[in-house]
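Heads up: the sequence lines are chains A and B, in that order.
Going by this note's numbering, the first residue of the first sequence is number 1, and it counts up by one from there.
Going by this note's numbering, the first residue of the second sequence is number 1001, and it counts up by one from there.
I should point out that these hints are in silico values taken from the structure, not numbers from a laboratory.
All figures in this text were calculated on a predicted structure; none of them were measured in a lab.
There may be inaccurate statements among the hints.
Listed below are the simulated DSS-like cross-link pairs for lysine-lysine, each with C-alpha atoms no more than 25 Å apart in a straight line [unchecked claim]: (1) K139(A) to K1072(B); (2) K1117(B) to K37(A); (3) K1014(B) to K21(A); (4) K1117(B) to K1072(B); (5) K10(A) to K1117(B); (6) K139(A) to K1052(B); (7) K10(A) to K1203(B); (8) K139(A) to K1014(B).
Here chain A is said to cover these stretches of chain B; the calculated rule only asks that three of the stretch's residues, wherever they fall, bring their Cβ under 8 Å from a Cβ of chain A [as the list claims (entries may be wrong)]: (9) 1016-1025; (10) 1090-1104.
Glycine included, C-beta positions come from ideal geometry on N, C-alpha and C.
So you can see what is in the structure, the chains are spelled out below.
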Amino acid sequence: MENIITDIGKWVEDVLEYAGKITILLIHSIEGIFTKKISHNLLMQMEEIGVNSFPLVSLISIFTGMVMVMETVKILSKFGGEIFAGVIVSVSMIRELGPVIVALIVAGRIGASISAEIGSMKITEQIDALEVLAVDPVKYLVSPRLLASMVMMPFLNLIAVFLSIMGGFIVAVYIVHLSPVRYMHQSLDFITVKDVFVSITKSFVFGILIIIASCFEGLNATGGAEGVGKATTRAVVSSFFLIILSNLILTAIFYFIK
Amino acid sequence: MINIKNLTVFIKNKKILDDINIHINKGETFVILGESGAGKTIFLKTVIGLIKADAGEIIICGANISQIDENKLLDLRQKTGMVFQSSALFDSLTIWENVGFFLLEHTNLSDGEIREKAEKSLNSVGLKDILDEMPEHLSGGMKKRVGIARALINHPEIIFYDEPTAGLDPVTSESILSLVAKIHKEYKTTDVIVTHDLGIAKKFSDRVAIIDDGRIFTVGTWEEVVKTGHPIVSQKE
């Protein structure tokens, strides 16, 4: 019994320590956003996070929209409500699936690459070299990525929502033979300003969490190639966990806000 | 020039450096000699401020590095250069950007001017026509030279070398050491060299300190150090 309590205590201590460290990293990197020397890295990071993620995000969003229409039409047809398939796609994508799917894709693609890149910089003393050259590694490496993610994630999310609706449109119109005008009308009619706000807020927060978790693991990588591999795995796992957890918290908050 | 008093460092609750006292004079080539795990690299990283000391003080060019503010730290960084064991060149930058990195980050000089200075610095370490190469295309010896060129770009008063010959073949090692000696003479730098290579201590040092298990065993000229009979010098002599 004593061991279990000790283990739980240790786990809580570790979680609090992790939360404290990533909060400090977040504050430090936000400070870095307001320094003058951020621009040269920013466009490159925006391209990497936003433009280069676009093909994968697009493909997965279109497929998700298609699958959702196929699955929901079957059930809705029992009640004569096939036309509401569009509503289900648009509302679930904008409120929940869009931000989460985009975040999981970016975490897998960008989060892993960031932690591997920064981790290998750490073990090859490049981070030390930055400090010796009087450059703050957090401001140089984390801040541009954070700002790029803050800007690009909401855009990627809105594109993902739109493309999933269009993916659903293809199935709804060409396979299920629904009216294209009614599908689009139903899809867009139920989206409110609040839904768009929630969606953008979620993707903005997820973008921050992915970058901070990934950079944190990279900056704390130890050992050789194995250490970088472990840091990369931890970055992806912790990003996924933080995305799901923060989605729950944000959904709960917006549920109570009228 | 460099004054280290009662320096103590713990890492993960283990004492790595224990009450180290060293004074390094201006213009001197000071070699810290020790075997792997003796605490040499930790010592160097603590002296240049990459690792925080748990006790003691480090005064470089009159500034106490543990109490220094950001502006003074920048001044101090300008006066010092560091050559890393792994060269630590930035993978994503070209050679001229690596060499001119300090100027790119801290001055308003144009890219053309910085490129020119980087070229001069590279020429002084015997490298030509590699300005637009990426670090991955260079050999170990060339990377080391680029690392030295990067340290030289501000004409520093002090250069710290971490294992300058580690991982290099004997011929390349010899050429790097000749370069270190040439730079010391031309730029009149104070050199602090951390190494396990007795040859460096013997040929290039004005004074040597033997570090063993985190403590300074002895400090003196090469001849004085040999007389102490410490295993690191007596074994291989």
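So which of those numbered hints doesn't the model satisfy?
Hints 5, 7, 8 and 9 not satisfied by this model.
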